[in-house]
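Student: Protein sequences, first through last, are from chains A and B.
Residue 270 in the working numbering sits at position 270 of the first sequence, with consecutive numbering throughout.
To convert, take the position in the second sequence, counting from 1, and add 1000; that gives the working numbering.
Take the hints with a grain of salt, since some may be wrong.
[Stated by the list, open to error] Only part of the chain A face toward chain B is listed, based on derived beta-carbon distances under 7 Å:
1. Gln75
2. Gly79
3. Ser91
4. Tyr159
5. Val160
[Claimed, not checked] Keeping only pairs whose Cα atoms sit at most 20 Å apart, straight-line, the calculated EDC-like set for lysine to aspartate or glutamate is:
6. A/Lys234 with A/Glu249
7. A/Lys97 with B/Glu1080
8. A/Lys176 with A/Asp194
9. A/Lys97 with B/Glu1064
10. A/Lys324 with A/Glu266
11. A/Lys95 with B/Glu1080
12. A/Lys95 with B/Glu1064
13. A/Lys234 with A/Glu223
14. A/Lys97 with A/Glu304
15. A/Lys176 with A/Glu153
16. A/Lys95 with A/Asp295
17. A/Lys97 with A/Asp313
Hints listed in this document are in silico derivations from the structure and should not be mistaken for laboratory results.
Note that beta-carbon positions come from the ideal geometry of N, C-alpha and C, so glycine has one too.
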Amino acid sequence: MSIHMRLGRGLAAGLMAAGLTLGATIAKAQDTVRVALGDVVSTETLAFLIALERAKDRGLNYEMTSFAEEELAIQSIVGGQADIGVGTPYSVIQKTKVPLRIIFQMSTLVFYPVVANEYQSWQDLNGQPFTFHGRGSGTEAIGNIIAAREGIEFGERSYVPGSDNRVIALLNGTIKATILDLANKNILMEQADDRFHVLPTPEEKASDEVVFASQAWLDNNREQANLLVEELLKLWREMNENPAIVEEERAARNLLADQPQEILAEVTGFYTEGTEAGLFDPNGGGEAAAMLDFDFYTQAGQIEGGTSLMVEDYWDLGPLEAAKQALGG
Amino acid sequence: MVERPSHLSAEPAGGLRLSRFSSFGTFGTRAALIDRPTHPVAAFFNHPLTLRILSALVLFLAWEWAGRLPISPAFPTFGETMVGLWSMIADFSLIRAFGITLQPLAIGLVISTLIGVAIGVAMGLNDKAEWLASPIFIIAQAAPLAALIPLIVFAYGIGLTAKTLVVCIMAMPVIVLNSFAAVRHTPLSLVEMGRSFLASRRQVILRIILPAASPVIFAGLRLGCAAGFIGAILAELLITPTGIGDLITYHRSIAEYPKMYAAILSIIVFSVLFIEVIERVEVTVFRPEKRARR
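For reference, chain A alone in the conformation it holds in the complex (with noise of 0.2 Å):
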């Protein structure tokens, strides 16, 4: 034998292992629902967690991969690594014409304006600096939002990413008006609520993290995207009649069970307040949900064509409409 035909058949057979291999991992993959998360999983993301549970004990097995951040989540969903995503994806819809479908809607906007004292209204802080989340983000646009109703302009804006690193900026003083989410609302009060108060903010709430996947993966795997949803509506309705019930799974399933006991202490009070707040749409969010969101992501800048853009174009509510048919109501 020639040592060309030897290494042809070398090669051969290692293009045919190599087919095989990929080949096992694309049909491991279509068994398997790869869900990518924006985030790593914490007490916000636990009942998203104790829905994929549940769903898991009725046959869909699943694996998370979290991402440092949520536009990489959204990239795996993009590019295929990923089947279901969390995250905000309208403008990328839009903007790739990349058919992602949103199926669910986890949780709204709820936000709280803290502003230093001396700021007693909205009026107090016309032409006034305060601190956004991000350019283009969610708490900037609540803030423009809010700016139109008042009829004032801020002054000067700048940019601190994450919530956290706001508390931090107020506490020292760096900054004296920003916007921050529920749990870091609520830290700051506890440790300074002599120096700084909650404006008020306007009564509806955009969608902040919906459940997502391509179109191509939803016409070929119905059955599993209507579970998740199904488990999804099912828990989230649970938990607007009972907070405390995601305690309950998270102790009975042993989740977060690497987290200390003073976060998984205040599992139950950040569910009670968020469902008090709006934070969990029982309904699932929908069509109404997304003509919100096509109103204010417009006004965030992120997305173009307002409440005229088609639902359908963003939303597969297919899911949802099976879930609430198979749960009532």
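Let chain A serve as the given structure and place chain B on it in line with the hints.
Tutor: Using the frame of chain A, we list chain B on its own:
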């Protein structure tokens, strides 16, 4: 200005002169060895500038092709990126962003250059200085900076100080360690020659050690500046988004990928041009013998 060693001013004849007079100068010494006239077409294709433009063209074509495939729906073509770049130039957002990014960068690089070269040379000349300083800079060079940034933020806040410090931490170790190695590797025979001509310590340092060390010191400066650029962008991405870092994060968050890549490309091009300028300054101002050979 440092007096250069006299042996360097004597040039070999022949080929070098040829390279200076031919319209497309070839790689000096090789031509000198072959010693035969090069064909103008071959000279054109062998010219460094032609090769550089060609390699850039190949890169841009590959980019365009990858964008058209597309390798990811989020990856824009070269053409789209150029349109994004132009729109950011036209609305002045790019220039404003550079104005902001260059502040910590310029301050950090000036500090790193002045202090870094001084410390590096001191370490090279003095054993005690070496023992004192080298562990700090070796650790600083090996440390994963991105992981240290939260620590810097706790200590220095989120303003200009923290960002300048990140630039310094990135740039200074490279400059210090290269200056140190450069001084340490001065040919001993040159130093001994100086001593045998009864040169004072000061004369040996100024006329022998520093001129001999300058090529590697400048190499360290170029590497340090490149690292400083990385530090400036890292600081803007990880501390607070300002300047070019803001353009990158903002356009990523609203999925304007062509503009995001245009911002990244602009800082890379700027960095390359800046390092090229340092090399030119080095050749024209500090190292006449290298200029003569070009």
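Student: Please go over all the hints and tell whether each is borne out by the structure.
Tutor: For each hint, the structure was consulted:
The beta carbon of A/Gln75 comes within 6 Å of a beta carbon in chain B, closer than 7 Å, and the hint placing it at the interface holds. The beta carbon of A/Gly79 comes within 5 Å of a beta carbon in chain B, closer than 7 Å, and the hint placing it at the interface holds. Proximity of A/Ser91 to chain B holds as hinted, the smallest CB-CB distance being about 4 Å (cut-off 7 Å). Among the interface hints, the one on A/Tyr159 holds; its C-beta lies about 6 Å from the nearest C-beta in chain B, closer than the 7 Å criterion.
With a cut of 7 Å, the hint placing A/Val160 at the interface with chain B holds, because the nearest CB-to-CB distance is about 6 Å. About 13 Å separates the Cα atoms of A/Lys234 and A/Glu249, which keeps this hinted pair within 20 Å; it holds. For the hint pairing A/Lys97 with B/Glu1080, the CA-to-CA distance comes to about 15 Å; that is within 20 Å, so the pair holds. Restraint check for A/Lys176 and A/Asp194: satisfied, since their Cα atoms lie roughly 14 Å apart, inside the 20 Å limit.
Annotation: proposed proximity of A/Lys97 to B/Glu1064 holds, straight-line Cα distance about 19 Å (limit 20 Å). With a CA separation close to 31 Å, the supplied pair A/Lys324 and A/Glu266 exceeds the 20 Å bound. With a C-alpha separation of about 13 Å, the suggested pairing of A/Lys95 with B/Glu1080 holds against the 20 Å cut-off. About 19 Å separates the Cα atoms of A/Lys95 and B/Glu1064, which keeps this hinted pair within 20 Å; it holds.
Of the supplied pair hints, the one linking A/Lys234 and A/Glu223 holds, its CA atoms being roughly 16 Å apart against a limit of 20 Å. Between A/Lys97 and A/Glu304 the alpha-carbon distance is near 14 Å, which keeps this suggested pair within the 20 Å criterion. Proximity of A/Lys176 to A/Glu153 is assessed by CA-CA distance (about 16 Å); at most 20 Å being required, the pair is judged to hold. Distance restraint check for A/Lys95 and A/Asp295: the Cα-Cα separation of roughly 17 Å lies within the 20 Å cut-off, and the hinted pair is therefore satisfied.
A distance of roughly 10 Å separates the Cα atoms of A/Lys97 and A/Asp313; the hinted pair therefore holds under the 20 Å criterion.
Going through the hint list in order, the structure does not satisfy hint 10, though it satisfies all others.
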